[in-house]
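A.B. asks: Listed in order, the protein sequences are those of chains E and B. Per this note's numbering, the first sequence starts with residue 1, numbered consecutively. Per this note's numbering, the second sequence starts with residue 1, numbered consecutively.
Bear in mind the hints are in silico, worked out from the structure with no lab data behind them. Here the structure is a predicted model, which means the values were calculated and not measured. A hint or two may mislead.
Simulated crosslink set (SDA-like; lysine to any residue; CA at most 20 angstroms straight-line) [claimed, not checked]: (1) K80(E) with L58(B); (2) K80(E) with L64(B); (3) K134(B) with G111(B); (4) K80(E) with V68(B); (5) K49(B) with V68(B); (6) K80(E) with I64(E).
Listed next, with one range per pair, are the computed distances between beta-carbon atoms [said to hold, decoys possible]: (7) E76(E) with Q191(B): 50 to 56 angstroms; (8) S113(E) with K140(B): 48 to 54 angstroms; (9) N121(B) with V11(E): 21 to 27 angstroms.
Glycine included, each C-beta is placed from N, C-alpha and C at the ideal position.
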Amino acid sequence: MSKRTLAIMFVAGVASAIFGEEVANAASEAASGAVNLFAGTVIGAGLGVGLAAGGCGCGMGILIASYLQGMARQPELAGKLQMNMFVGFALIEAQVLYALFIAIILLFANPFSKYFI
Amino acid sequence: MTSPGIVPESIAYEIHGIPPTLLMTFVSWAFVAGLYILIARFPSIVPVKVRMAGEIILEYVVDLANEVIGPKAQRFYPLLLGLFIFILISNLMGLVPGLISPTSDPALPFGLAIMVFIYFNYVGLQENGLRYFKQFMPPKLPLAMFPISVLLVVVEVISFLIRPFSLGLRLFCNIFSKELFLGILAMLVLQFLNSDVLGERIMTAGPFILRPFIMILGLVVAFIQALVFTILTMSYIAGAIQIQEHH
């Protein structure tokens, strides 16, 4: 295995050793259903927004890269390309905001919390 | 999520019985209507630069409409200009201290989106009659692939029906998350000014640097969201007028 693979595995092992114990303790202490529900929604909300932001970053990178390439090849089209770029930017950003919307609803207006409180 | 439940505005005022965002909607609407009526009827009162700005915005929206919708665009100019400038002024109001953006209340963006949805369906039915529903038809496939055709129709209809929802949600989420962020940073500043513990003071000193940048971002987002709402409305109207079979 290359040095880089070994380095990545080492870092992953150390991280799991540091954080694994906390997670194990927390999992064994989660007694009632309410704690499970709220813990689950918090993890879900955070993970969901994180993944959505990751995907959005990839998409934006491709969009802006192609805009820059187009602008570099034909500088006189920069105005028309710019307008389409902003439309594309807003459409991609909307995907992240859908995930953020669900996360905010889960955190502040959870529809299932009325069964536990 | 209606009034400042989640985002406590630090200078919150409320006329008895009217929620603040509704009050801000009236303020924004009155401002836009008053400004354009003054520009149109009594141009001598309005300073030159404001008049020029109003005309530049009008010309920009009209050019864009001509480009996207084509020759029949003239009957839509008032709707598109009204949407653009109302959403722009509403978004920008959140940056003024003491005012809240009316678009940060979920009612306004969704209301606008539903209005746009009903309107472009009405225009499409008026222009094309019952041929309007042909846009959901899948391409011609052999009879054995009938289930796939059904699935394609279902997917088309669902992605058509989700248009108003995504249109409103995009505008609402952008402006609401900016307001939420600015509100939370403002509360951190209040905590900074009211605390005596040094550690807490160091940790809550971030907003002094962060707030200006978020406000600049908010300025950019206000323009872009107004523009994107208008462009998408234009493209939906254009799609409704000129029915082409998809694919």
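A.B. asks: All hints are to be evaluated individually against the structure, with a verdict given for each.
C.D. replies: A quick look at each hint next to the structure:
no.: 1; hint: K80(E) with L58(B); in the structure: holds, 19 angstroms
no.: 2; hint: K80(E) with L64(B); in the structure: holds, 11 angstroms
no.: 3; hint: K134(B) with G111(B); in the structure: violated, 27 angstroms
no.: 4; hint: K80(E) with V68(B); in the structure: holds, 13 angstroms
no.: 5; hint: K49(B) with V68(B); in the structure: violated, 29 angstroms
no.: 6; hint: K80(E) with I64(E); in the structure: holds, 14 angstroms
no.: 7; hint: E76(E) with Q191(B): 50 to 56 angstroms; in the structure: holds, 52 angstroms
no.: 8; hint: S113(E) with K140(B): 48 to 54 angstroms; in the structure: holds, 51 angstroms
no.: 9; hint: N121(B) with V11(E): 21 to 27 angstroms; in the structure: violated, 55 angstroms
Figure legend: structure checked against the earlier numbered hints; hints not met, in rising order: 3, 5 and 9.
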